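Trainee: Letter by letter, the chains look like this.
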Amino acid sequence: MSMELAEAKVKPAVKARKARGIKAGKRIERIITYVLLITLSALFIFPFLWLIGTSLKPENEAMTFPPALLPKEWDFANYKDVFTIVDFGQYYVNSIIVSIFAVLGTVLSSTLVAYGFARIKGKGRNFWFMILLGTMMLPPQVTMIPVYMIFSKLGWTNTFLPLIVPQFFGSAYFIFLLRQFFKTIPKELEESAFLDGCSTFGIFWRIILPLSVPAVITVALLSFMWTWNDFLYPLIYLNDDAKYTLALGILQFKGALLVQWGPMMAASVLVILPLILLFFLGQKYFIQGIATTGGKG
Amino acid sequence: MNKSRTFQFYMFILPWLIGFLALTAGPMLYSLYMSFTDYSGLGVPNWVGFENYQKIFSSDPLFWQSLWNTIFYTVFGVPLGLIVGYLLAVLLNANVRFMGVFRTIFYLPSLVPTVASSLLWIIIFQPDFGIANAVLSFFHLPTSNWLLSEQMVKPALIIMSLWGAGGGMVIYLAGLQSVPASLYEAAELDGAGKFRKFWNVTVPMTSNVIFFNLIMGLIGSFQIFTQAYVVSSGNGGPNYKSLFYVFYLYQDAFKFFKMGYASALAWILFIIILIFTAIQFKVFGSKVYYEHDE
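Listed in order, the protein sequences are those of chains A and B. When the letters of the first sequence are read in order and numbered with the UniProt record's numbering, they come out as residues 1 to 297. When the letters of the second sequence are read in order and numbered with the UniProt record's numbering, they come out as residues 1 to 294.
Just so you know, these hints were derived from the structure itself, not from any lab. Keep in mind it's a predicted model, so treat the numbers as computed, not measured. Worth double-checking, as some hints may not be accurate.
Stated by the list, open to error - EDC-like, lysine to aspartate or glutamate: derived pairs with alpha carbons at most 20 Å apart:
{"no.": "1", "chain 1": "B", "residue 1": "255", "chain 2": "B", "residue 2": "38"}
{"no.": "2", "chain 1": "A", "residue 1": "153", "chain 2": "B", "residue 2": "60"}
{"no.": "3", "chain 1": "B", "residue 1": "255", "chain 2": "A", "residue 2": "188"}
{"no.": "4", "chain 1": "A", "residue 1": "243", "chain 2": "A", "residue 2": "61"}
{"no.": "5", "chain 1": "B", "residue 1": "258", "chain 2": "B", "residue 2": "51"}
{"no.": "6", "chain 1": "A", "residue 1": "254", "chain 2": "B", "residue 2": "38"}
{"no.": "7", "chain 1": "A", "residue 1": "254", "chain 2": "A", "residue 2": "61"}
{"no.": "8", "chain 1": "B", "residue 1": "255", "chain 2": "A", "residue 2": "240"}
{"no.": "9", "chain 1": "B", "residue 1": "258", "chain 2": "B", "residue 2": "128"}
{"no.": "10", "chain 1": "B", "residue 1": "255", "chain 2": "B", "residue 2": "128"}
{"no.": "11", "chain 1": "A", "residue 1": "187", "chain 2": "A", "residue 2": "59"}
{"no.": "12", "chain 1": "A", "residue 1": "72", "chain 2": "A", "residue 2": "87"}
{"no.": "13", "chain 1": "A", "residue 1": "23", "chain 2": "B", "residue 2": "128"}
{"no.": "14", "chain 1": "B", "residue 1": "194", "chain 2": "A", "residue 2": "87"}
{"no.": "15", "chain 1": "A", "residue 1": "72", "chain 2": "A", "residue 2": "59"}
{"no.": "16", "chain 1": "B", "residue 1": "197", "chain 2": "A", "residue 2": "191"}
{"no.": "17", "chain 1": "B", "residue 1": "3", "chain 2": "A", "residue 2": "241"}
{"no.": "18", "chain 1": "A", "residue 1": "121", "chain 2": "A", "residue 2": "59"}
{"no.": "19", "chain 1": "A", "residue 1": "26", "chain 2": "B", "residue 2": "185"}
{"no.": "20", "chain 1": "B", "residue 1": "197", "chain 2": "B", "residue 2": "185"}
{"no.": "21", "chain 1": "A", "residue 1": "26", "chain 2": "B", "residue 2": "188"}
{"no.": "22", "chain 1": "A", "residue 1": "254", "chain 2": "A", "residue 2": "29"}
{"no.": "23", "chain 1": "A", "residue 1": "23", "chain 2": "B", "residue 2": "185"}
{"no.": "24", "chain 1": "A", "residue 1": "153", "chain 2": "A", "residue 2": "240"}
{"no.": "25", "chain 1": "A", "residue 1": "254", "chain 2": "A", "residue 2": "81"}
Stated by the list, open to error - Quick list of the computed label-pair ranges, beta carbon to beta carbon:
{"no.": "26", "chain 1": "A", "residue 1": "281", "chain 2": "B", "residue 2": "272", "range": "55 to 63 Å"}
{"no.": "27", "chain 1": "A", "residue 1": "211", "chain 2": "B", "residue 2": "5", "range": "53 to 61 Å"}
{"no.": "28", "chain 1": "B", "residue 1": "138", "chain 2": "A", "residue 2": "73", "range": "22 to 30 Å"}
{"no.": "29", "chain 1": "A", "residue 1": "276", "chain 2": "B", "residue 2": "289", "range": "48 to 56 Å"}
{"no.": "30", "chain 1": "A", "residue 1": "242", "chain 2": "B", "residue 2": "289", "range": "34 to 42 Å"}
{"no.": "31", "chain 1": "B", "residue 1": "95", "chain 2": "A", "residue 2": "73", "range": "50 to 58 Å"}
{"no.": "32", "chain 1": "B", "residue 1": "151", "chain 2": "A", "residue 2": "214", "range": "20 to 28 Å"}
{"no.": "33", "chain 1": "B", "residue 1": "43", "chain 2": "A", "residue 2": "284", "range": "53 to 61 Å"}
{"no.": "34", "chain 1": "A", "residue 1": "136", "chain 2": "B", "residue 2": "43", "range": "32 to 40 Å"}
{"no.": "35", "chain 1": "B", "residue 1": "195", "chain 2": "A", "residue 2": "73", "range": "51 to 59 Å"}
{"no.": "36", "chain 1": "A", "residue 1": "73", "chain 2": "B", "residue 2": "200", "range": "54 to 62 Å"}
{"no.": "37", "chain 1": "A", "residue 1": "186", "chain 2": "B", "residue 2": "33", "range": "47 to 55 Å"}
{"no.": "38", "chain 1": "A", "residue 1": "90", "chain 2": "B", "residue 2": "138", "range": "39 to 47 Å"}
We treat Cβ as the ideally placed atom computed from N, Cα and C, and that holds for glycine.
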């Protein structure tokens, strides 16, 4: 009895001391967190600043030691030179054409296929779904050479077709992402539409797709980004420099002996810019899309 | 499962099914066949049996060099990328202010096209006027030739890859945010400190995302090509130290037109990736936590 009383008396004091200790500990922890975050942010931002800085430096300033982040003299000439040294405008147009058609193909086919996998119970569904997942692990190099032979037999080398047409057959990654999303849509909606006499395609087109706009935007953004960034396939298929996409065209500034640093960095800025803009416009779709596929892996 | 549903199912997946048969399954079989021929891109393939495979394993130093380069890059790059991405996510998950700003800063580099980021890092690593050496010499540390050095070209490429670690961070962050707060509370009641909570709650509860990133990171890492192609101007130098596996395969197929030989290389790559993936499932698979859905 007395022990308990004594304990009860001691407790508040101990608790208060403990609480102060925890508070101080929490404070230190937060300070450390912010110091780390700010240091790491500086490290991650730094290459961007370097990129922009170099793109604005006149030629004689690009190669000085010690290097300066900012140019002494701001020079936008590099941005003009980008378009005169090579046919950068043409590369831009090419990249836009390829990306838009690739996105169109990916979205149309992947949504359709994903709906089949998500909602239509057909014989063999699980089997094909396992195959689909399996293809995500297949290195594309295994099929790259025969596919190249097919496209070259069709006379498609040096055209955009090998970069666009395969997208119309759907991409395993996006089919998987969309299937996960479709599965979260309540089934009752489809059932009542079915009772109203709506066809399966009608349900997909008029009910599922409108409800899936965020997922579709995610897929469109990611597929745009991947096409825009793709290097290996344009390298294999495009050999006439009027057909180059940006990823190939930008390499023109890096000759084997002579590198034009300023224009090269200005060109890089111009290649990155549309992606950054798209990111800020569709930020939440980017983050959500990546997170949902990853989490369910 | 009635017949008409089955028919509908196949109508919906038809685009993918055609693509799978024509652009994946068919080419896979054909590439397996080609790996036993001397096909050069022109004329007809001649059957040569196991000759390509024999040559690859017994008398092709560039195969071993490129395989070693790739394994080095993977063994150091993948775990480092994983740790950096996870660390960033854990920091962001600590209820910090301006979380959105920090997240954007860490994520943006992973958006930069590989060609553009490689060109940028060429300037940063430039031996004479690059900022990397300027910083090192400021602190009186030894400088390096980086991308032009046989020893440093792979570590330099790994540093470049870490700049893009924010892509993985986004996935970890989603995983971290889905850990129920009740688990932390229960751990606190049991007297668990900061690190115990991290090791015994956070890490196990996010093991599925870690595992996913590990598998995908490894598959991606084995296919490294663009960075190395850009920084070495397409030759895999210095002295083949940046000639990675897919880079070598590309050269054989599309520069030297050894299509049969390159097909054999592709199949060996496929089998190596399968083995590595199986090992990961064996070692970590049983330790991964999955939340029950459906």
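Trainee: Any hints from earlier that this structure breaks? Give me their numbers in increasing order, please.
Mentor: Hint check: 2, 3, 4, 6, 9, 10, 11, 12, 13, 14, 16, 17, 18, 22, 26, 27, 29, 30, 31 and 32 fail, others pass.
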